[in-house]
Amino acid sequence: MGWELLDSLTTEEAQIVLRNFLEVEEKAVREMVPAATRDGIKADFSIASIAPMLVWIAGQLKQVPIEPPSDIPDWIRKEHEKNCGWMEFDEPSKVLIFRAGYYLGEAFVRNLRGLAWGTGHPDYADKNRPVVTGFTAGMEMAATTIAENMMWRINRTKSDEHAKKAIAHWLSKAPGYADSR
Amino acid sequence: MVSRGHTDSLLTKPRRQCIAVTAFAGGAGRYGAAEIAQAQADAAQQIKQALTNAQTQDQQLNQQALDQLAGAQQQVSTMQSNLQAGIAQSMQAVQSIQSTGQQEVTSDIAALAKANANRNANWATDANNLIEQALVHPLQEGLNYVTMGAGFLALIPGLEPLMVVAGAASLANAGISALEGSYMSAGMYAVTGVIPFAGKIADIGEMADGAAAALNEAAPAAEVVASDAGQVESQVLAADGVAAKLPEASPPPMAIVPRGARQLGRWGEVRLSQELGGLGIKPSSPLITSDGARYFDRLIGNWAYEAKAGINVGLTTAIQRQVLKDAELIAIDRIKGATWYFFQGVQQQVLDLLDQNGIQYVVY
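Going down the list, the protein sequences come from chains A and B.
Under our numbering, read the first sequence as residues 1 to 181, first letter to last.
Under our numbering, read the second sequence as residues 1 to 364, first letter to last.
Note that these hints are calculated values from the structure, not bench results.
Treat the numbers as computed from the prediction; the structure is a model and nothing was measured.
From the three backbone atoms N, C-alpha and C, an ideal C-beta is built for every residue, glycine too.
Be aware that one or more of the hints could be misleading.
[Said to hold, decoys possible] Which residues of chain A face chain B? A few of them, derived with a C-beta cut under 8 Å, are:
1. Lys-62
2. Pro-65
3. Lys-78
4. His-80
5. Asp-123
6. Ala-137
7. Glu-140
8. Thr-145
9. Arg-153
10. Lys-165
11. His-169
[Said to hold, decoys possible] Just a sample of chain A residues kept apart from chain B, beta carbon distances all over 12 Å, derived:
12. Ile-16
13. Val-33
14. Pro-34
15. Ala-36
16. Arg-38
17. Pro-52
18. Asp-90
19. Glu-148
20. Lys-158
21. Ser-172
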């Protein structure tokens with residue numbers, strides 16, 4: 001996802017982007033929930049619903065091939081082809097990735113005390129992005145990027161196993177997780 | 001009376017016939033042998049004159065046809081000369097390009113020019129065949145008719161019937177007509193440029209000239225391209241030669257691979273940058289892990305690439321921490337995966353740790 005633009009924003013501007021993101025995605029996901037429910041997905045923002053919801057959204061994503069740069073050696077081209085493939089999500093899929101990111105982050109925020117939406121720390125790579133803050137060791141959940149990677153792996157492996165483990169990792173870093181169990 | 005009358009009438013018929021014969025004989029009798037001979041001589045003279053006239057006419061037509069044929073052949077010859085000159089120029093340009101060009105584009109240009117030249121040559125051959133079939137053959141055929149007619153005339157004795165002369169003349173005229181018809185449909189129209197293939201012949205010459213001119217214009221540019229391509233190729237080969245030697249250097253010269261750990265790290269980044277061809281983003285900021293910040297050399301589509309330029313990289317605490325950071329970032333799906341590159345060797349312990357944590361690697 002093209003987040004580079006956010007690097008140039010001020011903290012105040014990043015807050016505006018965050019509020020807009022939350023407002024737009026909350027409405028969009030609310031409208032998306034009935035469709036997920038019709039497909040048997042319990043989209044109630046519970047932690048348990050995250051993986052099924054991501055699997056459901058991942059099934060609607062579409063990747064399109066991109067042209068690899070012409071100035072790289074063949075073995076690099078093949079290496080990256082093996083790792084990720086020269087593909088990217090199409091525009092409708094990118095919109096769905098935003099919704100998946102919102103659902104992932106919002107589920108954590110709603111269920112775990114101490115977590116909240118915020119903007120990425122200016123000293124780190126996720127600067128100014130919408131992130132979930134409050135994890136141990138100052139970690140921040142760049143929800144949209146993580147949701148994208150989760151769904152990429154779900155589609156690649158045809159399994160939600162890694163996504164479930166990733167959710168568990170994040171839970172383990174949430175200070176209120178022990179209290180919520 | 002009736003009977004006599006009838007008898008008379010019966011008797012008069014033979015008599016009248018006799019009179020008629022007598023009249024003929026009497027007529028002959030009116031002209032003497034000399035007169036008859038004179039009449040025959042006059043008739044013979046008239047026949048000879050008619051023969052002479054017919055032969056003269058035939059010869060004139062024959063000469064006219066030959067002149068027209070010669071004109072057509074001269075024009076065709078001129079066209080062929082121009083065509084040959086154009087083809088020669090084209091081939092010369094092709095050879096010039098081929099001699100200076102070493103790249104595929106130049107070969108393509110040469111192949112195209114060759115194809116054009118061959119096509120022009122084929123057109124010339126076809127045009128010649130058409131001319132020969134449509135012009136020369138009918139003309140020769142017509143001349144054969146004339147010759148045949150004249151031959152008949154030559155065989156006629158002086159006192160042969162005029163109808164023979166008339167027949168011979170008709171035959172000769174028929175031959176000329178056939179000849180003229182063929183000319184009109186081939187030679188004459190061809191010469192005047194009405195018939196399509198005559199225009200094609202002219203076009204061939206122009207096309208050959210045009211192709212030669214275009215090739216001559218393109219030749220300098222092609223030479224420049226070829227020259228540039230040659231230089232680039234030399235540079236690439238030289239660069240490949242250097243690159244091929246670098247991984248084999250153990251230990252590498254100080255001038256190429258500095259020994260200081262920090263400098264080695266920088267060298268590795270530069271090398272990785274070269275290997276990646278500038279692809280991806282050099283993150284200006286680190287990712288957050290539970291063990292602190294993690295800087296990567298490159299991130300391509302959320303896949304991390306890390307360069308290790310140290311000699312025989314061992315499992316130090318710093319390396320171990322980096323591995324675990326990467327493993328955590330993969331585990332929480334902050335990155336899709338990571339690949340480490342070792343340019344000057346790595347110890348098996350490091351590779352084992354990478355394997356245990358699902359991190360890929362490439363060892364040179």
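Quick rundown of the hints versus the structure:
no.	hint	result
1	Lys-62	violated, 16 Å
2	Pro-65	violated, 13 Å
3	Lys-78	violated, 11 Å
4	His-80	holds, 6 Å
5	Asp-123	holds, 6 Å
6	Ala-137	holds, 4 Å
7	Glu-140	holds, 6 Å
8	Thr-145	holds, 7 Å
9	Arg-153	holds, 7 Å
10	Lys-165	holds, 7 Å
11	His-169	holds, 5 Å
12	Ile-16	holds, 21 Å
13	Val-33	holds, 23 Å
14	Pro-34	holds, 28 Å
15	Ala-36	holds, 21 Å
16	Arg-38	holds, 28 Å
17	Pro-52	holds, 16 Å
18	Asp-90	holds, 15 Å
19	Glu-148	violated, 7 Å
20	Lys-158	holds, 16 Å
21	Ser-172	violated, 10 Å
Going through the hint list in order, the structure does not satisfy hints 1, 2, 3, 19, 21.
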